Every structure is written in C-alpha cells, then in structure tokens.
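Quick mapping for you: the protein sequence lines, in order, are chains A and B.
The first sequence begins at 0 in numbering that gives the first Met the number 0 and counts up by one.
The second sequence begins at 0 in numbering that gives the first Met the number 0 and counts up by one.
Quick caveat, the hints were computed from the structure, so don't treat them as lab data.
Note that the coordinates shown come from a computational prediction; the quantities given were computed from them, not determined experimentally.
A few of these clues could be false.
To be verified - Quick partial rundown of chain A residues pointing at chain B, CB under 10 Å, derived from the structure: (1) 55; (2) 75; (3) 78; (4) 79; (5) 80; (6) 84; (7) 87; (8) 92; (9) 109; (10) 151; (11) 152; (12) 161.
The C-beta atom is built at its ideal place from N, Cα and C for all residues, glycine as well.
Chain by chain, the residues:
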Amino acid sequence: MTTLVPKLRVEDLCAWYGERQILDRISFDVPAQRITAIIGPSGCGKSTFIRCINRMHELVSDARVQGQVQLDGEDVYDRHVALEQLRRRIGMVFQKANPFPMSIRDNVLAGLRLTAESPVRDDEAVEPALRSVALWDEVRDRLNHRAETLSVGQQQRLCIARALALQPEVLLMDEPCGSLDPIATARVEDLLGDLRERFTIVLVTHNMQQAARVSDRTGFFLGGQLVEFDDTDVIFTQPGDRRTEDYITGKFG
Amino acid sequence: MTRGESRRSTGLGVPPAQQRRGRLFALVCMVAAIFPVVLGAALLGAAIESGAGFGAHGGLGKLSSVDAGSLLGSALGSLWLVSMALAIALPIGVGVALHLEGPRSRMRSLLALNIANLAAVPSVLFGLVGLELFVRALRLGHGMLAAAFTLALVVLPIVAVAARAALRAVPDELREGGYALGATPWQVTRQVVLPAALPGMLSGAILAIARAFGEAAPLLLVAGFAATSSPSVSGDPRQILPLHVFQVLAEPDGPSRADAAMSVAVLLGTLLVLAGWAMRLRHRHERRRDG
C-alpha cells in the first residue's frame, strides 16, 4: 500500500447504540484527496462508521462512542471542538435525497444561510456549486422552482451541491446512489471522479462494482470490524483475508 | 402472480364478498362525510329563514326590526376577540409543541398527556380560571383583554396538539440534513423544521378559530353578568356573536327571535369565511411543499 498524506486518522473507534456494539476497534487512515470506499454487507456498521466521523452518530439519544477520529491531527471528539464548525469542514450526503422544502437556489444556499452571522450575498455561491455537480445547465432557468420538482437523481446532486457550497474539506457519502436508477448513478459516479481532486471523500456503498470503479482505497467491514483495508486494486484482485475474498466474489452478502 | 390467482380474478361474475364489504364501507364513509355539510347547510338555512321572517309572521318586515348595528358590532367584536386570542395561543402552542418534541422523558410524556386532556375539559372551567386569574388576580378587569387570554387558554391545547403532530410529520432526514450542514438545533428548528411543519400547524389554527368563534360560556363568566357595560379600552367582551345570540334569546319579548336567528346566520357565515381562508392558506403552503 502506497503511503499518502492522511486527512483522517481513525484509532480504536468503538460505537454503541444502547447496549449493542456496532463498531469494534476500527483503526485506519483516510488519505487526503482520494476516494476511500467502505464496503460490507448490511448491518456491518459502515453507516455508523461515517456518522462517527462528523459526529452525527451522537444525535441518537442512547448512542455512545469511544476512541479517536483525527482530522488533520486534531481529535474531533476533543471537548473543545465546536460541532457546528466540525460539520462545516466535514460535509455529508445521505442515502435518500433530502432537499429542504424550499427553492433550488435556497437549497444550495441553505448551509451558508443556516450558519451565517450576516445575510448571505446571494448567487455567488449558487452557480459554482451547481456546476460542480453538473446540474447548472439543467436548472439555471428555474432556480426559483421548488427542489421537490426535480427528479430524484437531480435532487441527490442538489444535495451534493448543498454540501459543496460550504467548501468542506471532507465529504462523507452514505450510499449516495442507494435510491438512484443506473443512469443517475452513473452521473453521480462521474461526478465523484471530478470531485476527488478537491476533496477527501469517504464513500459508503454496498455496491462492490461502484467501489471498484471509483475508489482509490477500500475498507471491508464485517460485523462491526474492519477486516481489511488496502488499495482498491489489491482488495479486488488479491485480498489478503479469506472473508474479503468470499464477500467480493459473492459467496455471501 | 401464480396461475391460480389470475384465473380467479379474471372471472366476470359476482364480486367476492370482501369486495362488496369494501364498497359498503366506502358508502358509509361517504355518508358520514356528507352529513356535516348537510347539517351545516340546514342550520344556516333555518336560521336565515326564521330570521328573515319568511315564516308565519309575514314578509321581510321582520328584518328591519333586527338591530343591524348591534349585530355588526358583535361580528366585529368576535373578529377582534378571536384574533387576539389566536395571537396569544399560536406562539405559545407552537412553543409547547416544540418543547414536547424534544428528547423523550417521563416529564414530557406526562405533560403531553395532560395537555391532550385539557382539550376535553368543559370550557366553563376555563371561564372560571379566567375569572380568577385574569380578572381578579391580575386585575385585567371584565374587558376584552381578559376575555382574549381566557379564550387563548381554551384553544391552547388544540393548537399545541395539532402543532405537535405537524412537527412529528417532518421527516428526520430533513433535520439530519440541517445538522450535517453545521446548523445548531435552534437553526434547524427555525429554518428547516418549522417551515416544513407550517401546513399542519395551519390545520390546527383552523380548528382553533372554529372553536374560539363559537365559545360563549367562558366569556360569559369573564365578562360578568352586569347589565351595564364595563368601561374598557380594548372593548366589551359581551359584544361578540355567541353572547349576542345568548342575550337576545334571554330577552322575554318575541321579535328578538329574528334577531337571534340572524346572529346565528352571521356567526356561521363568518366562521365559514374564516375557515375557508385558513384552508386556502394551508393549501397554498402544501402546494409549495409538494411542488
């Protein structure tokens, strides 16, 4: 495995919902400006894992976390970390497109407006954000239309634009194509290729082909443990662990 | 679909029993839905008819005997009182709902149960509370202000319960989207949750308007039974439609019957207009939400 500058460093991360342990001592480095894919069967803890990175996990009332997640060497679980600031640096895209019930323009600006001390000067941020998700040409004439009028695939790209408008350093994507058809999925995957230059992306997916197509590194989760983490080529061509091989060859999952 | 199933459903004979039961149920539901409309129309019609004197006592002459001035005054008084009561009850009710929808706790579920129960408390009791609290303890006098606060108490549970249901209906994905953008809980509530819950909250407001408009008993207590009008800057709470009807009917002489009937007609008419307006407002917000 080639050495790269780590953007995120995860050390002995454990997570629980109530008494149920979801993650068990996860440790690995997420390289900067690369796409890191997290694969594994349903319920293996991959979603919980990325929710621990931007501390969304703790929104659930009986959730608990132990261990460290370092962003550029700083522990995000440090007592002095401001959650709002952290989540602006680490953006997130969800499985189900969740545009706010407002116009397309307002959706893009939502992050800036939600957190701005002074009113946001409109439009400056709208075009670049929409361009970077290849949505600008499709919606430029109807920025004032409701976001719900878009197709699901467009809505998901709008949600990505909404996250990008805040210019985060890391982008967490929790099965961003989980509810999209193959064509919309292909568009989002193209997009990922363009975005990897500018952001550090952590992509959770249960679609192995997707991980193989777009990612540089891949981690295989099983039962809350990290079975294997390596360059994507290595994982898919000569995995070091028997369970990884069984999973990627479709013996289970 | 298996072959057996498709063969069964392609038959053109008598529909199976379940299907007929379903149709019967749909019919019952339709009758139940139409009934209040018919009842409302009949009430309104009867009121107008007896008020306008199409009945035994001869012609439209009766209408002139109606004290049009006091009727108009009562209608305006009602509008004023209900607006004040809603201006008090809506923000508080939404605040209560927001609190109840916070992290789950025993205290909160106890509160929620009590508030839901308050909606079923006879409104006369609210009148007694209003009399003791606003009129006597806080010395607001028998004026419109005390009446508005009392009426706000009456509709508060309705507003709170409806607002709570509306807040619950907002999908968690929207809240998560807000938090993921680095918003504080207050920013998420203010800018994401409340706008999304607005149509549902307006439904609650419609119910509250209807209830507030028709209330007579608690206001009678707060206004006091004195014959002379009490001096008050905010207005006289006895000059509202339901109490107008009550007072006119309480008078022993005959001609006032027409007056009372007209008052009822105006009351129902105003209510219809107000509720229609509120529904339009809600519909517009819903359309905006659904695109």
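Consistency of the hints with the structure:
1. Hint status for residue 55 (chain A): holds, given a least beta-carbon distance of 6 Å to chain B, under 10 Å.
2. Residue-level restraint check for residue 75 (chain A) is violated (minimum Cβ-Cβ distance to chain B is 13 Å; threshold 10 Å).
3. Residue-level restraint check for residue 78 (chain A) is violated (minimum Cβ-Cβ distance to chain B is 18 Å; threshold 10 Å).
4. The interface hint given for residue 79 (chain A) is broken, as the beta carbon of that residue sits about 16 Å from the closest beta carbon of chain B, more than 10 Å.
5. The beta carbon of residue 80 (chain A) comes no nearer than 12 Å to any beta carbon in chain B, farther than 10 Å, and the hint placing it at the interface is violated.
6. Proximity of residue 84 (chain A) to chain B holds as hinted, the smallest CB-CB distance being about 7 Å (cut-off 10 Å).
7. The interface hint given for residue 87 (chain A) holds, since its Cβ lies 4 Å from the closest Cβ of chain B, which is under the 10 Å cut-off.
8. The restraint placing residue 92 (chain A) at the interface with chain B holds, with a minimum CB-CB distance near 8 Å, inside the 10 Å limit.
9. Satisfaction of the interface hint for residue 109 (chain A) is found here, the shortest Cβ-Cβ separation to chain B being roughly 6 Å, below the 10 Å cut-off.
10. Taken as an interface hint, residue 151 (chain A) does not check out: its beta carbon lies about 13 Å from the nearest beta carbon of chain B, beyond 10 Å.
11. Given hint, residue 152 (chain A) at the interface with chain B, is violated; its Cβ is 16 Å from that chain's nearest Cβ, farther than 10 Å.
12. For the restraint placing residue 161 (chain A) at the interface with chain B, the shortest Cβ-Cβ distance is roughly 7 Å, inside the 10 Å limit, so the hint holds.
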